[in-house]
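J.: Sequences and hints are given; from them, build the entire structure.
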Amino acid sequence: MQKNADVERRQVRAGSAMMVLELTVNNHPGVMSHICGLFSRRAYNLEGIVCVPIANGEISRMWLQINEEQKLDQVIKQVQKLPDVLGIVRHDAGHEIFTGLSTFV
Amino acid sequence: MFTMNGAQLIVGLLERQGITTIAGIPGGANLPLYDALYQSTRIRHVLCRHEQGAGFLAQGIARSTGAAGVCFATSGPGATNILTAVADAYLDSIPIVCITGQVPSALIGTDAFQEVDTYGMSIPITKHNYLVRSADELLRIIPKAFELALSGRPGPVLIDVPKDIQTATVSFAEWPEPGCRQEPPVADQAMLLEAAAMINRARRPILCLGGGIIHAGAAEEARAVVEKGSLPTAMTLMGLGSLPAGHSLSLGMLGMHAARSTNMALQDCDLFIAAGARFDDRATGKIVEFCPAAHIIHMDIDPSEVSKLKNAHVGLVGDVKESLGRLLPLIGRDERKIWRNRIELLQELYPMASPAAIIPDTPYGLILKVAELAGEECFVATDVGKHQMWTAQVYPFNRPRQLLTSGGLGTMGFGLPAAIGASLAHPERPVILFTGDGSLQMNIQELATAVEQQANIKIIVMNNNSLGLVRQQQNLFYERQFFASDFRIDIDFAAIAKGFGMTAFNAAVDCRLESLLERVMAVKGPCLVNVPIAKEEEVYPMVPPGASNSFMLGGCNAEKCGC
Ligand SMILES: Cc1ncc(C[n+]2csc(CCOP(=O)(O)OP(=O)(O)O)c2C)c(N)n1
Chain A
5 MQKNADVERR
15 QVRAGSAMMV
25 LELTVNNHPG
35 VMSHICGLFS
45 RRAYNLEGIV
55 CVPIANGEIS
65 RMWLQINEEQ
75 KLDQVIKQVQ
85 KLPDVLGIVR
95 HDAGHEIFTG
105 LSTFV
Chain B
5 MFTMNGAQLI
15 VGLLERQGIT
25 TIAGIPGGAN
35 LPLYDALYQS
45 TRIRHVLCRH
55 EQGAGFLAQG
65 IARSTGAAGV
75 CFATSGPGAT
85 NILTAVADAY
95 LDSIPIVCIT
105 GQVPSALIGT
115 DAFQEVDTYG
125 MSIPITKHNY
135 LVRSADELLR
145 IIPKAFELAL
155 SGRPGPVLID
165 VPKDIQTATV
175 SFAEWPEPGC
185 RQEPPVADQA
195 MLLEAAAMIN
205 RARRPILCLG
215 GGIIHAGAAE
225 EARAVVEKGS
235 LPTAMTLMGL
245 GSLPAGHSLS
255 LGMLGMHAAR
265 STNMALQDCD
275 LFIAAGARFD
285 DRATGKIVEF
295 CPAAHIIHMD
305 IDPSEVSKLK
315 NAHVGLVGDV
325 KESLGRLLPL
335 IGRDERKIWR
345 NRIELLQELY
355 PMASPAAIIP
365 DTPYGLILKV
375 AELAGEECFV
385 ATDVGKHQMW
395 TAQVYPFNRP
405 RQLLTSGGLG
415 TMGFGLPAAI
425 GASLAHPERP
435 VILFTGDGSL
445 QMNIQELATA
455 VEQQANIKII
465 VMNNNSLGLV
475 RQQQNLFYER
485 QFFASDFRID
495 IDFAAIAKGF
505 GMTAFNAAVD
515 CRLESLLERV
525 MAVKGPCLVN
535 VPIAKEEEVY
545 PMVPPGASNS
555 FMLGGCNAEK
565 CGC
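If you read the sequences in order, they're chains A and B. Throughout, our numbering is defined as the position within the first sequence, counted from one, plus 4. Throughout, our numbering is defined as the position within the second sequence, counted from one, plus 4.
Hints are not guaranteed to be accurate.
Straight-line C-alpha distance at most 16 Å; calculated EDC-like pairs for lysine to aspartate or glutamate [what the hints assert, rightly or not]:
| id | chain 1 | residue 1 | chain 2 | residue 2 |
| --- | --- | --- | --- | --- |
| 1 | A | 81 | A | 12 |
| 2 | B | 312 | A | 77 |
| 3 | B | 312 | A | 72 |
| 4 | B | 312 | B | 284 |
| 5 | B | 564 | B | 306 |
| 6 | B | 312 | A | 73 |
| 7 | A | 85 | B | 284 |
| 8 | B | 148 | A | 88 |
No lab work stands behind these hints, which were simulated from the structure alone.
T.: What follows is the structure, encoded as structure tokens:
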């Protein structure tokens, strides 16, 4: 059976931070284009991206900061369809990886 | 152990996929692939005259059979040329596998001769795409490409193969299994029960069958549901043929060029059931005013379609064939006399065409005459324009896959190569192409392919010496400023076709069209007939782009309609 990636929901902290999608994806040079291309093509707002290779570089973990309350379900469904996306966790109350990053800017 | 080069591996894998025809054009970056193809005894290569033609030819195979079509192009201009056909396949969910040559890996990114970023350019217009990085990846990628193209919601897959990968040696112990369509998921039972209850409760339901019905092979299940529940049934352009045009519950096509009665009934329905249809704006008109009083049931294999444009009260995500099959025992037999009477009344008042509009010298008359002569077994391809909409409106489509038309992308130039593809896949059956003089000129070079392949296609050029549908919009919405829509030279299409070696006729204005058409249909192999059509013949009714479907211009008895 053909299956799209499942979505897990995690509510870590309460607060007004932007929601974050945490993706596990195949790691090859085209994946970032697929993800970013999807957002620009469908006119979804993508505010921030963090991406690191894991598991010997076979796969990557990616955090997408999204400002898209209205279309969020659509965004997730479209992301799920990408064959290179292996897993999705949604953090409705944001994710601290971006809080940490803000100290660099 | 098997040892061969990457190109031979690709051809071997395609043979194992059961591919027998590949359309394409060779060039520097895919020559190793052609060298390997030359060795194949199972695959016939069809040399097209433009890569867009090759892409559409592969689509013709895919659309007429449901199996994946395959096309080849070289890097750079070959790839950019074929992308229109790939995008077209994407919007209509057609399974094709497009294999492009690419400059050698070491030159990628250097602006090498004939290098373009085919991978990058194809991301937004493919279901998935690959840039192959080593020859042994092909063992995984090729079968996977077919699996993806055919599974779930079908679509095009592009594989970009650098030249050095084609010539690299690969050794492997075992051939992989060919990629095939994966079992689709089945809709949730609780949702099915809810949908059935809604259908049973509804007083004025309308079912809408889209291209998904055809992709899923669900026409039989759909018909059973239609008949048991007495559901008046509209079809999208892509869904035409899923219920025979002559069926008493058929409302024909909905949307921009629907019969008035169909759009009026839709405005009135209390339940709209979309089955394998995606609420395209050409079908719905202004979406907020579409079926304003209706609850919505949406069946689709693609979860992202459900509630994308119109909120579904019940979403049945899964194989539409299964969904319809499981709905059948759950819905009650109901004659819906009042609702059907009301629709019949509308249909009598506002038929698609008046009797005067179907004499042979009119567009409808021509199309109906051809239909009569072509018989039920034929395939019908169209290009894009008025001729396409006239065909969609009145041709008596009686089975799925009979119509090949570019719906989502609306690509002029689709028709001729797609017709050739359908014909090569079904050599025993006639293929009719209704085209316009504008569209034909977009891929006219494929007349050569048709002759070379002796494809049994009959090309009806509905020649209004203009870009008709554009001209119509200027007529209706741009104060009759006809700019850049009238051709200023008269082209002798019959002479041109003859130049390609094709039998061809010109219908003189005063000729006996019927007997000419009979002669055309009797020709063995490809044949073209040019039929003059008055510029002023417009497609009616018409919902202005962006307007509600309740606002229709023209059409039979329009003056009797208060709206
Ligand atoms: C490739 C492409 N370019 C432009 C258009 C816009 N367009 C839509 S219909 C049309 C005119 C089609 O003319 P023709 O094929 O002669 O058909 P007719 O409408 O006259 O029957 C045009 C230019 C298109 N659909 N496709």
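J.: Now tell me, hint by hint, if it's right for this structure.
T.: The hints, checked one at a time:
1. Straight-line distance between C-alpha atoms of residue 81 of chain A and residue 12 of chain A comes to about 13 Å, which keeps the hinted pair within the 16 Å bound.
2. Using a Cα cut-off of 16 Å, the hinted pair residue 312 of chain B and residue 77 of chain A holds, with the two alpha carbons roughly 9 Å apart.
3. For the hint linking residue 312 of chain B to residue 72 of chain A, the alpha-carbon distance of about 14 Å falls within 16 Å, and the restraint holds.
4. Annotation: proposed proximity of residue 312 of chain B to residue 284 of chain B holds, straight-line Cα distance about 10 Å (limit 16 Å).
5. For the hint linking residue 564 of chain B to residue 306 of chain B, the alpha-carbon distance of about 42 Å lies beyond 16 Å, and the restraint is violated.
6. Among the hinted pairs, residue 312 of chain B with residue 73 of chain A is consistent with the structure: their alpha-carbon atoms are about 14 Å apart, no more than 16 Å.
7. The suggested pairing of residue 85 of chain A with residue 284 of chain B is violated, with an alpha-carbon distance near 20 Å, which exceeds 16 Å.
8. Annotation: proposed proximity of residue 148 of chain B to residue 88 of chain A holds, straight-line Cα distance about 12 Å (limit 16 Å).
Going down the numbered hints, you'll see the structure goes against 5 and 7, while the others check out.
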